[in-house]
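Residue numbers (our numbering), protein chains in the order written: chain A, 1 to 550; chain B, 1 to 332; chain C, 1 to 238.
Just so you know, these hints were derived from the structure itself, not from any lab. Incorrect hints may have been included.
Stated by the list, open to error - EDC-like mimics (lysine to aspartate or glutamate), calculated; alpha carbons at most 20 Å apart, straight line:
| hint | chain 1 | residue 1 | chain 2 | residue 2 |
| --- | --- | --- | --- | --- |
| 1 | B | Lys280 | C | Asp157 |
| 2 | A | Lys74 | A | Glu160 |
| 3 | C | Lys64 | B | Glu252 |
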Amino acid sequence: MATPNGPQGERENYLNKEYGPASWLLTTDHKRIALLYLLSITFFFFIGGFFALLIRLELLTPASDLVQADTYNKLFTMHGMVMVFFFLIPSIPAVLGNFLVPMMIGARDLAFPRINLLSWYLYIIGGVMMLHCMLTGGVDTGWTFYTPFSTAFTNTKIVEAGLAVFVAGFSSILTGLNFVVTIHRMRAPGMTWSRLPLFIWAHYATSIIQLLGTPVIAITIVLVAAERTLHLGIFDPKLGGDPLLFQHLFWFYSHPAVYIMILPSMGIVSEIIACFSRKRIFGYSFVALSSIAIAVFGFLVWAHHMFVAGISIYAALVFSMLSYSVAVPSAVKVFNWTATMYKGSIHYDAPMLYAFGFLGLFTIGGLTGLFLAALGIDVHVTDTYFVVAHFHYIMVGGAVMGYLGGMHFWWPKISGRLYPEGWAKLAALIVFIGFNLTFFPQFVLGYLGMPRRYADYSHMPEFQILNVFSTAGATVLGVGYLLPMIYFLWSMRYGKPAPDNPWNAAGLEWKTPSPPPTFNFDEEPVVTWEAYNYEELGDIPPNAEAAGVR
Amino acid sequence: MFNNFPLWPERASTIAGNVDALFIFLLIVAGMMTLLIFVCVIFFAARFRHRAGVPAEQIDGSTPLELTWSVIPMGVFMVIFVWGAVVYFKERTPPRDATEVYIVAKQWMWKLEHAEGQREINELHVPVGRDVKLIMTSQDVIHSFYIPAFRIKQDVLPGRYTVEWFRATKPGTYHLFCAEYCGTQHSGMVGSIVVMEPAQYEAWMSGGQTGPLSATGEKIFSELGCATCHRSDTQGRGPNLQGVFGKPVLLEDGRTVFADENYIRESILDPGAKIVNGYKPVMSTFQGLVSEEQLNALVAYVKSLSTAKPGEPSTNAGASAAPPQAKGSQVN
Amino acid sequence: MSDSQSAAIQGEAHGGSHNPALLHHFAEPQQQRDASSLGMWWFLATEVMFFGGLFCAYLIYRLKFFGDFGAASKTLDVSLGATNTAVLICSSLTVVLAVWAAQTGRRMMLVGNLALTLVLGLAFLGIKSVEYREKFEKHHVPGTSFQFQEKIPGHPDQYADPRHAQIFFALYFVMTGLHALHMIIGVGIFVWLLTMAWKGRFTPEYNTPVEMGGLYWHFVDVIWIYLFPLLYLIDRHP
Chain A
1 MATPNGPQGE
11 RENYLNKEYG
21 PASWLLTTDH
31 KRIALLYLLS
41 ITFFFFIGGF
51 FALLIRLELL
61 TPASDLVQAD
71 TYNKLFTMHG
81 MVMVFFFLIP
91 SIPAVLGNFL
101 VPMMIGARDL
111 AFPRINLLSW
121 YLYIIGGVMM
131 LHCMLTGGVD
141 TGWTFYTPFS
151 TAFTNTKIVE
161 AGLAVFVAGF
171 SSILTGLNFV
181 VTIHRMRAPG
191 MTWSRLPLFI
201 WAHYATSIIQ
211 LLGTPVIAIT
221 IVLVAAERTL
231 HLGIFDPKLG
241 GDPLLFQHLF
251 WFYSHPAVYI
261 MILPSMGIVS
271 EIIACFSRKR
281 IFGYSFVALS
291 SIAIAVFGFL
301 VWAHHMFVAG
311 ISIYAALVFS
321 MLSYSVAVPS
331 AVKVFNWTAT
341 MYKGSIHYDA
351 PMLYAFGFLG
361 LFTIGGLTGL
371 FLAALGIDVH
381 VTDTYFVVAH
391 FHYIMVGGAV
401 MGYLGGMHFW
411 WPKISGRLYP
421 EGWAKLAALI
431 VFIGFNLTFF
441 PQFVLGYLGM
451 PRRYADYSHM
461 PEFQILNVFS
471 TAGATVLGVG
481 YLLPMIYFLW
491 SMRYGKPAPD
501 NPWNAAGLEW
511 KTPSPPPTFN
521 FDEEPVVTWE
531 AYNYEELGDI
541 PPNAEAAGVR
Chain B
1 MFNNFPLWPE
11 RASTIAGNVD
21 ALFIFLLIVA
31 GMMTLLIFVC
41 VIFFAARFRH
51 RAGVPAEQID
61 GSTPLELTWS
71 VIPMGVFMVI
81 FVWGAVVYFK
91 ERTPPRDATE
101 VYIVAKQWMW
111 KLEHAEGQRE
121 INELHVPVGR
131 DVKLIMTSQD
141 VIHSFYIPAF
151 RIKQDVLPGR
161 YTVEWFRATK
171 PGTYHLFCAE
181 YCGTQHSGMV
191 GSIVVMEPAQ
201 YEAWMSGGQT
211 GPLSATGEKI
221 FSELGCATCH
231 RSDTQGRGPN
241 LQGVFGKPVL
251 LEDGRTVFAD
261 ENYIRESILD
271 PGAKIVNGYK
281 PVMSTFQGLV
291 SEEQLNALVA
301 YVKSLSTAKP
311 GEPSTNAGAS
321 AAPPQAKGSQ
331 VN
Chain C
1 MSDSQSAAIQ
11 GEAHGGSHNP
21 ALLHHFAEPQ
31 QQRDASSLGM
41 WWFLATEVMF
51 FGGLFCAYLI
61 YRLKFFGDFG
71 AASKTLDVSL
81 GATNTAVLIC
91 SSLTVVLAVW
101 AAQTGRRMML
111 VGNLALTLVL
121 GLAFLGIKSV
131 EYREKFEKHH
141 VPGTSFQFQE
151 KIPGHPDQYA
161 DPRHAQIFFA
171 LYFVMTGLHA
181 LHMIIGVGIF
191 VWLLTMAWKG
201 RFTPEYNTPV
211 EMGGLYWHFV
221 DVIWIYLFPL
231 LYLIDRHP
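Can you build the whole structure from these sequences, using the hints too?
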């Protein structure tokens, strides 16, 4: 693998191949685009996180004393919109997916590199529009912007926010398009479907949802914008329009959207658990097919968000039953991951700690989904903090933990540096503790009856102590998120240089140098082995210690 | 802050016990499953911690195991589903003779009117042990009428009626919350449900000035000229409304619809939508000419015309013989 | 190694020079063609979902306000709509001929058919604007100046509810408007294709853009094939 050295004797790779803003802003290299996304989504994560902090600070006391009710309403709206559309939905696919999908299948780039760059620009344009919207007044409808409130009863910047989401949605669609075509058409010789890493299966399923679901929210946004600007009346009851039609259209996308947010994270967990147990994932085909099953069933359950909205009893029965069937593939995955650890050779590196955290938190979050799918219970807990706790367990406890685990696992490959393992383990622990302290009390608050989106709970001062616990946890969680930011940045300058395969992990991406060259592989790989060939790879070698990995 | 630290809401309705029972069952199931996973993960992580010279054992999988842990959870889920559905059915099926209260939600208050006539704002007085049915609509955006202690909640929509019901079991004052975000003062749209002993409730009721809601409705019915066409004989240009409510109605396009609260409401606001068989579409709309409260009164009046007195006909002259009426007056 | 070096190695691995249109990350032209084709089909699937939401809303309201929608639909000009349908079907024919011409290296035929497609597309948009103008004149555009006084078909004694008719027209304008927007984009694509064809860029070995543009155009045509009966033909009893 002889490659000429760069000016300082450093091997040429995708980072040092060219310098200067144009080489980044006009790149078509999927790895550079992944880093562009990394910067942008991290930025929006902190914006969304800042709003969360303000929300939790306000909720320390029952009265609406930190901010006015209108401001609070904007805070939770913007927190939701930014976190969902500008952080969670892109995060793993746009950063780790972009970086790794071509490498894992032995390709030189994605199928459509220029469309990939366009994706990022669309995301940025949407992001700038959203920022502008927030800075000039924001939106106060909740991220769900139900009609007729959003079409006829609020003066905030619905159309602008809607268009920002619309543009970002296209970014999501094009990313999905790229992944599906790449996975179908650009696998290296010998990389059959049954040899694909589960990360790829997960992203394939995610991309199907992105492609088929996102256009529906796009058209919903168009209709809401049209109704607001042209006074059309499609959702206006005074004209015979039906506000429930909006909810159906909205949730037809927004439910599958939550699977966009969790499936990639599940793919990461598969990779990490396999590597740090030194074994093939137990039940590979079942885990792969369960990703597809989740994607398909995920499209059939949207009205479980509407059990008390005014749908018929019979519709509610159907959606409740279907919601239980979508829980089965998720359970199957958890069992398979746990079984993978049986008779493994377990290492406790930071990525594995994040995977443990994922297992615990996703299990709790998923099980509380069973509560919500039970019609009789949902009547009581829907629109309360029980739901808020449920989805944060999945999205933060699940998706974000997986994302952080993946960032740690592939950081050496991405940056060519090792992160400080001690600090990483500490951060994982702080995140786990902070997370549970923040969100577990919210299950109790929800069953007690505290509704969501309440700026002021001075009529129910008995809710205060649980809110105080929650805010305390949020502070700890915040620290846990800051730490990786700091030490990842630190490592880019001061971290030990990483070997090609510090974890002795399976996967084509580990057969390239760290960081990889622009075209990934000097020669197209020919795959003759099964995925997760840890039997051949053996253990993480002791000289990894000398390399300073652990 | 520490004085009042509840971890479980009060139970004050007949359905609350059912909901709590299912919830506790789920807590047990979820708790056991969480414990199982946690124990396995921690145990495996410790027991199979990497030891020099001890390689991992490559186990591909086990189809019987996969089937087991797919089928058994699915079975448990179906049990939960059925149980939840049963409770839900109870929650959404108001008893036949429930006392009715009409509710109009608006940003950011609840306006309530008992069928007997009492009006309340943000408070609902009810006697313990009586079935109470809430017939609700919104003047503006979507709200939601939520009583945690009763474990019931129902979104309140503009343009139609939605219904929920309860039977309170314990005197006391309980929180009422709006549970669907509705704007600036969403968190201020709270109130109380005051459950009283029957005797106290009678006393409270007799303090009210206005007559029953249906009497108000009768007044509006005549003031707006409805009686001109909707006469109580067969000579009117509109159907006789005696006995219409709660029964099927044959329409001129051949469909049969059930005359519930939403049907009456629609007939006033959008009369062209459903023309009764044998009549001409000549009724003009009253959209914009009646307020939500007046609508509620009119609906109450029409309903009162269906409480058939002995000897009087209870079928509408314009409606043909129809299949047996469906149970309850469900408004969906 | 540099771009050109690795590209050269790739080229040599395939026994000779390769088509300059082959992008560096593909191993061979067939793979590139397959990728483009799959990509376009998936993109069209997203478009189906995009329009699908509108069709869904339309179907729901059509069933809910059966008579009113019938009355509103009757005020649309069927002959103009039918002409437009014929125009689009013909344009799909010219597209098919253009693709065949590209595949068989007939440059003038390709240019001619692309140009014809453009003309037909512009004709469609022209007829559409005539229809929109007529709707504007009759005050059938939703908004404050909306007026509607037509009887429900088959019920000579009953007027349609103007509120529900307004919903029909709201959907009509959004659906046909979105379709027209897609036509305009299609016109843009075909102008580009025409320019490239004129310069002789398409050969039997490389004509993927024509094929992909053709697929897009056919899709926009198919959407209209659904729109026309649903909007114009739902109640045409005499």
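Now for the hints, and whether the structure bears them out:
no.	hint	result
1	Lys280/B to Asp157/C	8 Å, holds
2	Lys74/A to Glu160/A	14 Å, holds
3	Lys64/C to Glu252/B	16 Å, holds
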